[in-house]
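S.K.: Sequence:
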Amino acid sequence: MSVYHDEIEIEDFEYDEEDDIYYYPCPCGDRFQISKAELISGEEVATCPSCSLIVKVIYDPKDFKVVLEEEKRRTSTITDKPQLETA
Numbered sequence: 001m002s003v004y005h006d007e008i009e010i011e012d013f014e015y016d017e018e019d020d021i022y023y024y025p026c027p028c029g030d031r032f033q034i035s036k037a038e039l040i041s042g043e044e045v046a047t048c049p050s051c052s053l054i055v056k057v058i059y060d061p062k063d064f065k066v067v068l069e070e071e072k073r074r075t076s077t078i079t080d081k082p083q084l085e086t087a
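With the first letter of the sequence shown counted as 1, position 79 gets the number 79 in UniProt numbering; the numbers rise by one all the way through.
Any given hint might turn out to be false.
Straight-line alpha carbon distances no greater than 30 Å define the calculated DSS-like cross-link-like pairs of lysine-lysine that follow [unchecked claim]:
no.: 1; residue 1: K36; residue 2: K56
no.: 2; residue 1: K36; residue 2: K65
no.: 3; residue 1: K62; residue 2: K36
Worth flagging that the hints you see were computed from the coordinates, not collected in a lab. From a predicted model like this one, the values you see are computed outputs, not experimental measurements.
Work out the full structure: start from the sequences and follow the hints.
M.R.: Here you go:
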């Protein structure tokens, strides 16, 4: 059983689009972090790289599964190349 420093709503985290990571200030001065991939896989614990504190992230995993499906659709339509017909 984990002992959480706190429980934080995902909406309170800051999202870095470039790294696909959510951040939240830690009392030690660093930041708790959890990646979008971790959230999609169902992870709910954000860790601080500088201390032993962890927080529970409150979010609806379904929201991230929908985002993943949309990204897959977008990527597949961008990378799909038309097939050339051969005679």
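S.K.: Compare the structure with each hint and give your call.
M.R.: Hints versus structure:
no.	hint	in the structure
1	K36 / K56	15 Å, holds
2	K36 / K65	10 Å, holds
3	K62 / K36	13 Å, holds
In the structure shown, no violation is registered for any of the earlier numbered hints.
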